[in-house]
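J.: Residue numbers (the numbering used here), protein chains in the order written: chain P, 1 to 410; chain Y, 1 to 105.
Simulated from the structure, these hints should not be mistaken for laboratory data. Among the hints, erroneous ones may be present.
Which residues of chain Y face chain P? A few of them, derived with a C-beta cut under 7 Å, are [to be verified]: (1) Ile-66; (2) Thr-77; (3) Cys-104; (4) Ile-105.
Straight-line alpha carbon distances no greater than 20 Å define the calculated EDC-like cross-link-like pairs of lysine to aspartate or glutamate that follow [unchecked claim]: (5) P/Lys-274 with Y/Glu-59; (6) Y/Lys-100 with P/Glu-218; (7) Y/Lys-55 with P/Asp-273; (8) P/Lys-383 with P/Asp-55; (9) Y/Lys-78 with P/Asp-237.
A few chain P residues that face chain Y, going by a derived Cβ cut-off under 7 Å, partial list only [said to hold, decoys possible]: (10) Glu-156; (11) Pro-162; (12) Val-163; (13) Leu-193; (14) Thr-198; (15) Lys-199; (16) Ala-202; (17) Glu-220; (18) Ala-222; (19) Trp-236; (20) Asp-293; (21) Pro-295; (22) Ser-297; (23) Ile-345; (24) Pro-353.
Heads up, the beta-carbon is just placed ideally off N, CA and C, and yes, glycines get one too.
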Amino acid sequence: MKQLVILGAGTAGTMMAQHLAQHLDPQDWRLLLVDRDDEHHYQPGYIFTPFGLYDRADIIKPRRQFVPRGAELVLGEIEAVEPAQNRVRLQDGRTLPYDFLVIASGCSIAPQQTEGLAGAGWRKNIFDFYTLDGSLALRDALAKFQGGRLVINITEMPIKCPVAPLEFAFLADTFFLQRGIRHKVEIIYATPLPGAFTKPRAAKELGDLLARKNIKVEAEFAIGRVEGDKNQIVSWDERAIPFDLLVSIPTNMGAAFVERSGLGDELNFIPTDKHTLRSKKHENIFVLGDATDLPSSKAGSVAHFQAEILTENLLAAIAGRPLEATFDGHANCFVETGGGKALLIDFNYDVEPLPGVFPLPGLGPMHLLRETRLNHWGKLMFKWIYWNMLLKARPLPFIPVHMSMAGKQV
Amino acid sequence: MPNKTIGAFTIEVDDEGFMLDHTQWNRDIATAIAQQEGIATLTDRHLLVVDFMRKEFIEKGTGPSIRRLTKESGVETKELYALFPGGPAKKAAKIAGIKKPAGCI
Ligand SMILES: Cc1cc2nc3c(=O)[nH]c(=O)nc-3n(C[C@H](O)[C@H](O)[C@H](O)COP(=O)(O)OP(=O)(O)OC[C@H]3O[C@@H](n4cnc5c(N)ncnc54)[C@H](O)[C@@H]3O)c2cc1C
Chain P
1 MKQLVILGAG TAGTMMAQHL AQHLDPQDWR LLLVDRDDEH HYQPGYIFTP FGLYDRADII
61 KPRRQFVPRG AELVLGEIEA VEPAQNRVRL QDGRTLPYDF LVIASGCSIA PQQTEGLAGA
121 GWRKNIFDFY TLDGSLALRD ALAKFQGGRL VINITEMPIK CPVAPLEFAF LADTFFLQRG
181 IRHKVEIIYA TPLPGAFTKP RAAKELGDLL ARKNIKVEAE FAIGRVEGDK NQIVSWDERA
241 IPFDLLVSIP TNMGAAFVER SGLGDELNFI PTDKHTLRSK KHENIFVLGD ATDLPSSKAG
301 SVAHFQAEIL TENLLAAIAG RPLEATFDGH ANCFVETGGG KALLIDFNYD VEPLPGVFPL
361 PGLGPMHLLR ETRLNHWGKL MFKWIYWNML LKARPLPFIP VHMSMAGKQV
Chain Y
1 MPNKTIGAFT IEVDDEGFML DHTQWNRDIA TAIAQQEGIA TLTDRHLLVV DFMRKEFIEK
61 GTGPSIRRLT KESGVETKEL YALFPGGPAK KAAKIAGIKK PAGCI
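Could you put the whole structure together from the sequences, leaning on the hints where they help?
T.: In structure tokens:
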């Protein structure tokens, strides 16, 4: 009996289990899916919880509900992978040998990487929304907030869902408008990048969005430390930004076991072939989702496209055939812009987000790179699609695995 | 996309002068770009940073953050800002012939 082990039963690992269960003969293969707990979080929902729009119940479902027949869910903390022995060690002492390994252990925030960030102010006047607990604590703080300086800060790239901080800024603007205190709130968006929009076409189409919403941008702000006693963040070149409420997107890092296994880079992301999704170091290890070091966005939609490619390549590797399926970096994301509107962006490694219609040329009905109400409904629908289609690895209607230029304005 | 003549070389650059094809890069081009950016000579310390940025970009498709740059290249942050006044991430990327630091949108 051969064994295929998937590490992480989040978005990517669950989809891989669904795909592989359809293809691997249970007579020959045992398919294991490993995670530390039985709570699957709909992470895109974290953007809505701070504003009281979603609650725990919208976000959490049991993982086992999405484990297909033919796969087994193993609950346990992963201690390390031992590639030389082709096995995974769990903290409780169990070992899981594998013939092929899929790593889908994602990434999470590491506030301790920034001096002063995880200090006395953490979850008092300094919050994150990249965890459920963080976004719920922030909800309580926002409900009490009566005015002052709200600073949103990206510590460093890469982060998962790179548009989420911007969405947060827009939703905060709407939230304070609705509460009638927008005039008492200053919103500052501090980013290490050269601007809020860095791609030429997006900058051209959307460049004035932040000014229109009176959100101030502090560009090229690379945070060096948080000075808790003075309630300010300070950059490496000593620019200080005072805050009353700091919403931080801390450094994102891959899982700690990746480091213990000697598989990652300095942020515990795993060097991965950008087209085949095979680990650069080990022939029988494949990586997808947020755990990779690829320049593609770390997003659920990306993991969905990768899962289709990786399934083909894994089956090829198992059969001893060359890996022919190639991932193009395709991402497709709704971006909330507040006021009941959203953008839709569709891009890949080589093509930046372009304006146009999606998915059908001439028909749409979605508009790319433009604020519309329909895109906002799309974003809300995404929760249903996530639980009912994405996690079950059903193909998304009209949305091809490889990005299409149809409907895009070049 | 515009072409730009730098010394004896013609390189392809974007609107802000970042090279589009890092394989066209060489040390002489780097020196010429640096001079346009107000850095008269590229010292070994500059080149240490530039080489590290190129290595990261070629391996990963994106340049490193300031924190990683200092942690991995061994050049302290203060020195980094002194070497590339007004924003090392952008300026060093330009001199290294790699893309401007960018998000997905
Ligand atoms: C605020 C926010 C908003 C977002 N919005 C969107 C959006 O609008 N659209 C979109 O497409 N994407 C969005 N995303 C991104 C999306 O959620 C992720 O890209 C996606 O979940 C990645 O899937 P993954 O399987 O790689 O990682 P995850 O889903 O995070 O799964 C990794 C799994 O590995 C497990 N694991 C890790 N280490 C261990 C260990 N040592 N032992 C046992 N188990 C372990 C974890 O428990 C986890 O279940 C958003 C993310 C955030 C944080």
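J.: All the hints need checking, so say for each whether the structure fits it.
T.: Hints, one by one, checked against the model:
{"no.": "1", "hint": "Ile-66", "result": "holds (4 Å)"}
{"no.": "2", "hint": "Thr-77", "result": "holds (5 Å)"}
{"no.": "3", "hint": "Cys-104", "result": "holds (5 Å)"}
{"no.": "4", "hint": "Ile-105", "result": "holds (5 Å)"}
{"no.": "5", "hint": "P/Lys-274 with Y/Glu-59", "result": "holds (10 Å)"}
{"no.": "6", "hint": "Y/Lys-100 with P/Glu-218", "result": "holds (17 Å)"}
{"no.": "7", "hint": "Y/Lys-55 with P/Asp-273", "result": "holds (16 Å)"}
{"no.": "8", "hint": "P/Lys-383 with P/Asp-55", "result": "holds (13 Å)"}
{"no.": "9", "hint": "Y/Lys-78 with P/Asp-237", "result": "holds (7 Å)"}
{"no.": "10", "hint": "Glu-156", "result": "holds (4 Å)"}
{"no.": "11", "hint": "Pro-162", "result": "holds (5 Å)"}
{"no.": "12", "hint": "Val-163", "result": "holds (6 Å)"}
{"no.": "13", "hint": "Leu-193", "result": "holds (5 Å)"}
{"no.": "14", "hint": "Thr-198", "result": "holds (4 Å)"}
{"no.": "15", "hint": "Lys-199", "result": "holds (6 Å)"}
{"no.": "16", "hint": "Ala-202", "result": "holds (5 Å)"}
{"no.": "17", "hint": "Glu-220", "result": "holds (5 Å)"}
{"no.": "18", "hint": "Ala-222", "result": "holds (4 Å)"}
{"no.": "19", "hint": "Trp-236", "result": "holds (5 Å)"}
{"no.": "20", "hint": "Asp-293", "result": "holds (6 Å)"}
{"no.": "21", "hint": "Pro-295", "result": "holds (3 Å)"}
{"no.": "22", "hint": "Ser-297", "result": "holds (5 Å)"}
{"no.": "23", "hint": "Ile-345", "result": "holds (6 Å)"}
{"no.": "24", "hint": "Pro-353", "result": "holds (6 Å)"}
Checked against the numbered hints above, the structure breaks none of them.
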